[in-house]
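Trainee: As a plain string of letters, each chain reads:
There are 2 protein chains.
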Amino acid sequence: MHQTINFSRGVPDPASFPVDDMKVMADRALSKYGDQLLQYGPATGFLPLREFIARWFGRQVPEVMVGNGSLELFGFLCEACLRPGDVVFVESPTYDRALTILQKHGVEIVGIDVGVDGIDLAMFEAALRRHTPKLVYLIPDFQNPTGMCTPLAARQQIADWSAQHDFLIVEDGPYGFLRYTGRDIPTMVSLAPDRTVHLSSFTKLISPGLRVGFMLGNPAIIDAVSRVAESYYITPGYFSQGVIAEWCNGGLLDAQLTKLRGLYAPRLAALLEALDRHLPGRLVGRPEGGFFAAITLDAGMDEAELLGLARDAGVILSSGNAFFVHAPSHRFIRLPFCALPPDVIEEGVRRLASMVAATQARQPSWA
Amino acid sequence: MHQTINFSRGVPDPASFPVDDMKVMADRALSKYGDQLLQYGPATGFLPLREFIARWFGRQVPEVMVGNGSLELFGFLCEACLRPGDVVFVESPTYDRALTILQKHGVEIVGIDVGVDGIDLAMFEAALRRHTPKLVYLIPDFQNPTGMCTPLAARQQIADWSAQHDFLIVEDGPYGFLRYTGRDIPTMVSLAPDRTVHLSSFTKLISPGLRVGFMLGNPAIIDAVSRVAESYYITPGYFSQGVIAEWCNGGLLDAQLTKLRGLYAPRLAALLEALDRHLPGRLVGRPEGGFFAAITLDAGMDEAELLGLARDAGVILSSGNAFFVHAPSHRFIRLPFCALPPDVIEEGVRRLASMVAATQARQPSWA
Chain A
441 MHQTINFSRG
451 VPDPASFPVD
461 DMKVMADRAL
471 SKYGDQLLQY
481 GPATGFLPLR
491 EFIARWFGRQ
501 VPEVMVGNGS
511 LELFGFLCEA
521 CLRPGDVVFV
531 ESPTYDRALT
541 ILQKHGVEIV
551 GIDVGVDGID
561 LAMFEAALRR
571 HTPKLVYLIP
581 DFQNPTGMCT
591 PLAARQQIAD
601 WSAQHDFLIV
611 EDGPYGFLRY
621 TGRDIPTMVS
631 LAPDRTVHLS
641 SFTKLISPGL
651 RVGFMLGNPA
661 IIDAVSRVAE
671 SYYITPGYFS
681 QGVIAEWCNG
691 GLLDAQLTKL
701 RGLYAPRLAA
711 LLEALDRHLP
721 GRLVGRPEGG
731 FFAAITLDAG
741 MDEAELLGLA
751 RDAGVILSSG
761 NAFFVHAPSH
771 RFIRLPFCAL
781 PPDVIEEGVR
791 RLASMVAATQ
801 ARQPSWA
Chain B
441 MHQTINFSRG
451 VPDPASFPVD
461 DMKVMADRAL
471 SKYGDQLLQY
481 GPATGFLPLR
491 EFIARWFGRQ
501 VPEVMVGNGS
511 LELFGFLCEA
521 CLRPGDVVFV
531 ESPTYDRALT
541 ILQKHGVEIV
551 GIDVGVDGID
561 LAMFEAALRR
571 HTPKLVYLIP
581 DFQNPTGMCT
591 PLAARQQIAD
601 WSAQHDFLIV
611 EDGPYGFLRY
621 TGRDIPTMVS
631 LAPDRTVHLS
641 SFTKLISPGL
651 RVGFMLGNPA
661 IIDAVSRVAE
671 SYYITPGYFS
681 QGVIAEWCNG
691 GLLDAQLTKL
701 RGLYAPRLAA
711 LLEALDRHLP
721 GRLVGRPEGG
731 FFAAITLDAG
741 MDEAELLGLA
751 RDAGVILSSG
761 NAFFVHAPSH
771 RFIRLPFCAL
781 PPDVIEEGVR
791 RLASMVAATQ
801 ARQPSWA
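Protein chains in written order, with the numbering used here: chain A, 441 to 807; chain B, 441 to 807.
Derived by calculation from the structure, the hints in this document are not laboratory data.
Any given hint could be a false lead.
Which copy? The list can't say, so a pair holds if one copy fits it or any two copies do.
As a list, the in silico EDC-like pairs of lysine to aspartate or glutamate whose alpha-carbon atoms are at most 20 angstroms apart [to be verified]:
(1) LYS472 to ASP453
(2) LYS544 to ASP663
(3) LYS463 to GLU670
(4) LYS574 to ASP526
(5) LYS574 to ASP553
(6) LYS574 to GLU519
(7) LYS699 to ASP475
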């Protein structure tokens with residue numbers, strides 16, 4: 441039978457990994473910084489990498505912390521800032537692993553819908569009348585799981601609200617450099633630099649297995665988060681950080697971004713084309729970058745049944761419900777496209793469409 | 441003035457870091473496993489390293505998990521196993537960072553004294569009459585902070601109690617391979633393999649900055665802990681794990697252990713000699729390996745004053761109180777010796793002794 445097609449995880453294509461450059465940079469980093477990279481060091485991260493990131497984002501070094509991936513830094517930020525009962529706003533749907541972390545902290549999570557026009561500002565405003573959020577977690581660029589961007593006007597409005605209502609914005613931005621069409625939109629951290637913690641990572645730009653993510657924020661927040669980090673792991677993975685510092689300072693980042701955009705843009709195009717052809721009208725919105733697009737199906741079967749039918753049709757999906765604070769009435773399907781070549785994407789969408797058609801024939805409540 | 445001598449942290453000597461071998465092994469690991477090392481992978485760790493550790497300790501692969509340092513694995517184990525109100529026994533004094541992690545979980549921590557004869561079994565037994573511990577955290581070999589070993593008879597007794605009272609033993613064993621004199625004592629995990637989680641690390645054997653620690657336990661515990669780990673960081677630092685796997689499989693571990701023992705044994709000897717000469721009768725016990733020895737001072741000044749006087753005398757100490765569940769009436773001083781050459785150790789102890797003498801002259805309550 442045909443090969444299973446995996447639409448379940450947002451992973452980069454290994455073809456993008458700069459393995460040979462990594463060898464050179466590991467050698468150089470060990471020559472230059474061996475004793476530092478192999479020793480304990482401050483929980484804020486390896487200084488030359490913090491310096492590079494500070495220059496890259498136009499910030500000061502004390503505003504930069506580097507850790508073992510941005511998800512874990514988000515967890516440490518939650519431990520530093522949140523107490524049980526605090527209110528946190530998130531997009532709905534949002535990144536499932538961020539939701540899991542928030543749930544651990546016993547906070548009240550309020551979901552604000554994200555649709556074809558980005559985040560629903562009327563719903564946000566209504567929520568602000570009922571709640572005073574301590575923190576608002578957003579993925580403004582190429583959101584996980586919808587692939588959508590928050591429009592500039594909405595970002596400006598949220599920046600204004602953050603000052604009026606005194607909440608911290610957490611901008612999770614790992615996909616921001618992966619725009620394939622259209623024009624960049626200013627980040628939240630550029631619009632509200634004093635009120636935003638920006639999370640990002642080398643995971644989607646160089647490699648997940650190096651586990652290097654970073655956080656930009658005011659020095660008091662960086663200090664508090666680094667104390668939490670130290671209590672967990674004393675020192676983050678300096679060896680990886682040194683290799684990445686050397687790689688970035690070697691000027692390889694721009695070429696890598698160009699390579700990634702060249703590799704992934706045709707995959708997004710193939711996905712959108714296949715969805716237009718086989719599952720028209722199902723897209724949540726038309727992404728212009730990142731790792732994901734998403735579709736919704738209106739009707740009646742439960743998620744376990746949907747995942748089972750997809751598996752039978754040769755497609756692995758992840759839980760759509762997991763992206764929501766409260767499981768939605770519709771079925772939500774995230775489609776990560778970066779690790780699959782265009783012809784496999786087309787075939788995967790074709791299989792999903794056949795499955796939907798078969799289900800419609802069988803079960804009239806399926807829209 | 442003379443240079444400050446740092447007795448505050450248990451760090452390896454950078455002279456022990458195999459920088460050149462690391463370059464070779466990073467190159468080889470990337471050649472062999474590049475796509476795996478740079479990608480996401482299971483939270484249990486990089487398979488070839490799990491396989492090496494399983495062979496090393498005579499266990500099965502599903503009984504081995506590798507993470508970003510053993511301290512963080514201990515934290516994940518606590519999250520998987522402990523609930524607020526659970527009782528945990530620890531040695532008193534014990535590793536300060538482990539105490540901090542236990543405190544986060546809202547458990548009741550019961551300290552069992554450690555002295556010249558190791559852990560106080562009468563006190564342990566009395567505590568078992570009052571409490572049913574869920575977990576007992578021990579550092580049987582070259583304990584942090586005292587440097588003492590739990591004698592075999594006490595280990596056997598604790599293994600028996602763990603079966604009778606149904607508690608989990610957590611054996612933190614990062615120093616076990618660093619014996620400089622005397623004979624090895626069987627580990628808790630060898631005496632009670634089904635009831636013990638063994639934590640260890642490459643931090644003290646190869647390098648802290650690689651951040652690679654591991655856990656041995658039954659597959660159900662490994663599975664539960666790896667689910668917690670995944671919720672924090674998805675995937676641990678595979679790149680470092682691959683380099684260590686290649687380094688270990690390349691047969692370099694035995695020579696490294698010999699090198700470490702050769703480097704550190706004279707430092708422990710110098711420390712014990714200096715203490716015998718300058719501060720006789722103060723040792724908690726005479727360590728035969730590891731990273732630490734410890735002394736106690738009987739009397740009356742508070743810790744902040746002691747640390748300040750030491751600083752004035754040119755010696756940096758860490759908080760002794762931090763190693764105790766409840767701050768003791770005496771002053772406790774941990775002396776990490778591995779990162780200091782013998783003449784610096786001798787000079788540091790001489791300064792401490794002068795400080796103690798001056799204090800005695802000034803303040804008769806100082807013993």
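Trainee: It remains to establish, for every hint, whether it holds in the given structure.
Mentor: Quick rundown of the hints versus the structure:
1. LYS472 to ASP453: between (30 angstroms within a copy, 18 angstroms between copies)
2. LYS544 to ASP663: Classified as between; 19 angstroms across copies, 22 angstroms inside a copy.
3. LYS463 to GLU670: Cα proximity of LYS463 and GLU670: none, with 29 angstroms in one copy and 28 angstroms across.
4. LYS574 to ASP526: within (6 angstroms within a copy, 31 angstroms between copies)
5. LYS574 to ASP553: Close inside one copy (19 angstroms), not across copies (43 angstroms); limit 20 angstroms.
6. LYS574 to GLU519: within (13 angstroms within a copy, 25 angstroms between copies)
7. LYS699 to ASP475: between (33 angstroms within a copy, 17 angstroms between copies)
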